[in-house]
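Okay, here's what each chain looks like letter by letter:
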Amino acid sequence: EPEVTQTPSHQVTQMGQEVILRCVPISNHLYFYWYRQILGQKVEFLVSFYNNEISEKSEIFDDQFSVERPDGSNFTLKIRSTKLEDSAMYFCASSAGTLNYGYTFGSGTRLTVV
Amino acid sequence: AQSVTQLGSHVSVSEGALVLLRCNYSSSVPPYLFWYVQYPNQGLQLLLKYTSAATLVKGINGFEAEFKKSETSFHLTKPSAHMSDAAEYFCAVTGYNNNDMRFGAGTRLTVKP
Numbered sequence: 011e012p013e014v015t016q017t018p019s020h021q022v023t024q025m026g027q028e029v030i031l032r033c034v035p036i037s038n039h040l041y042f043y044w045y046r047q048i049l050g051q052k053v054e055f056l057v058s059f060y061n062n063e064i065s066e067k068s069e070i071f072d073d074q075f076s077v078e079r080p081d082g083s084n085f086t087l088k089i090r091s092t093k094l095e096d097s098a099m100y101f102c103a104s105s106a107g108t109l110n111y112g113y114t115f116g117s118g119t120r121l122t123v124v
Numbered sequence: 114a115q116s117v118t119q120l121g122s123h124v125s126v127s128e129g130a131l132v133l134l135r136c137n138y139s140s141s142v143p144p145y146l147f148w149y150v151q152y153p154n155q156g157l158q159l160l161l162k163y164t165s166a167a168t169l170v171k172g173i174n175g176f177e178a179e180f181k182k183s184e185t186s187f188h189l190t191k192p193s194a195h196m197s198d199a200a201e202y203f204c205a206v207t208g209y210n211n212n213d214m215r216f217g218a219g220t221r222l223t224v225k226p
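Protein chains in written order, with my numbering: chain A, 11 to 124; chain B, 114 to 226.
Keep in mind that the hints were calculated from the coordinates and are not lab data. Any given hint could be a false lead.
Cross-link-like lysine to any residue pairs, in silico, SDA-like; alpha carbons within 20 Å at most [what the hints assert, rightly or not]:
no. : chain 1 : residue 1 : chain 2 : residue 2
1   : A       : K52       : B       : K171
2   : A       : K52       : B       : G156
3   : A       : K93       : A       : D72
4   : A       : K88       : A       : A106
5   : A       : K67       : B       : K171
6   : A       : K52       : B       : S193
7   : A       : K88       : A       : G107
8   : A       : K52       : B       : D213
9   : A       : K67       : B       : S116
10  : A       : K93       : A       : V29
11  : A       : K52       : B       : Q158
12  : A       : K52       : B       : N154
13  : A       : K52       : B       : H188
14  : A       : K88       : A       : V123
15  : A       : K93       : A       : G26
16  : A       : K52       : B       : H123
17  : A       : K52       : B       : E201
18  : A       : K67       : B       : S140
19  : B       : K171      : B       : N137
A short list of chain B residues far from chain A (calculated; beta carbon distances all over 12 Å) [as the list claims (entries may be wrong)]:
no. : residue
20  : V124
21  : L157
22  : L159
23  : E184
24  : M214
The beta-carbon is built from N, C-alpha and C at its ideal position, and this holds for glycine as well.
Only chain B is shown next, with the shape it has when bound in the complex:
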């Protein structure tokens, strides 16, 4: 079975600073990994996905994530935080059959002016 662990339930950065949200996965098969963002009172929006092609994946809103098999990690980064990035971020994983995407506990990103 697949699972993901997000380190840090709450991350706070200053506007313009680097954003780093951590995700480690556990999977018995090659995983497909995803990052979703949830703004207050809204649904889940796909930021980016890793599907065994390039290990560095670029997503929307300037975010990117790098798949590192040796570290079983898929951390999300953005070089310069914007106030509008404040939201909850979820890492997720599926296996071969894509039938049951499993989410991490989420990381709430706060951006200070």
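Just chain A, with the same shape it has in the complex:
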């Protein structure tokens, strides 16, 4: 069964450093998403991406965050200057379309900011 692949599975970074989280969505999917889950809390929507541009973003997704689909297969989330509160599990998801399609989630990248 097709999978969404995320790398790395765990990343530790120092506060103030830039991090890039990588995702390879399912190949024929057109819609891409990033979510985060702070330890013990709910899964929160960050951003959706379609046709090479952001289609929706939440209030969490401020100027420190950016997304990119650099080469037609990868989908990345960049955090420019990490803060302690950015420590969370970050999930990438993709979807074949709108309406009645569910999302396929990756297994996540655990980001720890020290």
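Position chain B relative to chain A; hints supplied.
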């Protein structure tokens, strides 16, 4: 905007007992509703989805959910709990454009032997 509320952050049942995890939604448009399961240190796995076809939806691992518009509910059930069902369960909703799935706070299911 759409949202879901999961009643009960923690549910504990005995093995073989009925599992009932509650989810109520709020949506200004006909919703699409989903249940996801998260096992420890893993990602989110789709259990089932409601997409305006049959109101009773059957999913994987013996779970099912019924969409009740009059109650704005989409509760998840399983007739007989198994130890392997212990996990975190998330209800989620999207609207027409499916662009921003919103999750509930999650319910942790514990299954006692």
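Are the Cα atoms of K52/A and N154/B separated by 20 Å or less?
holds (15 Å)
Within a Cα-Cα threshold of 20 Å, do K52/A and K171/B meet the stated pairing?
Violated, at roughly 25 Å.
Does the alpha-carbon distance linking K88/A and V123/A stay inside the 20 Å limit?
At roughly 14 Å apart (the allowed maximum being 20 Å), V123/A and K88/A satisfy the hint.
Need the status of pair K67/A, S116/B: alpha-carbon distance at most 20 Å?
holds (16 Å)
Given pair status - A106/A, K88/A, alpha carbons within 20 Å:
violated (24 Å)
So if I understand the rule, the pair passes when the alpha-carbon distance is 20 Å or less; does K52/A with S193/B pass?
Not satisfied, since the Cα-Cα distance of roughly 27 Å exceeds 20 Å.
Does N137/B lie within 20 Å of K171/B when you go C-alpha to C-alpha?
holds (18 Å)
Determine whether the non-interface label on E184/B survives the test: each CB of chain A must be over 12 Å from its CB.
Given a closest Cβ separation of 22 Å, the condition holds.
Given the hinted pair K67/A and K171/B, is their Cα-Cα distance within 20 Å?
Since the Cα atoms of K67/A and K171/B sit roughly 32 Å apart, the hinted pair is violated (cutoff 20 Å).
Holds or violated: K52/A with H123/B, Cα cutoff 20 Å?
The hint holds at about 13 Å.
Could you grab the alpha-carbon distance between K52/A and D213/B and see if it respects the 20 Å cut-off?
The given pair, whose Cα atoms are some 15 Å apart, holds under the 20 Å limit.
Checking one constraint from the list: CA of K52/A to CA of Q158/B, max 20 Å. Satisfied?
holds (15 Å)
Comparing the model with each numbered hint stated earlier shows that hints 1, 4, 5, 6, 7, 21, 22 and 24 do not hold.
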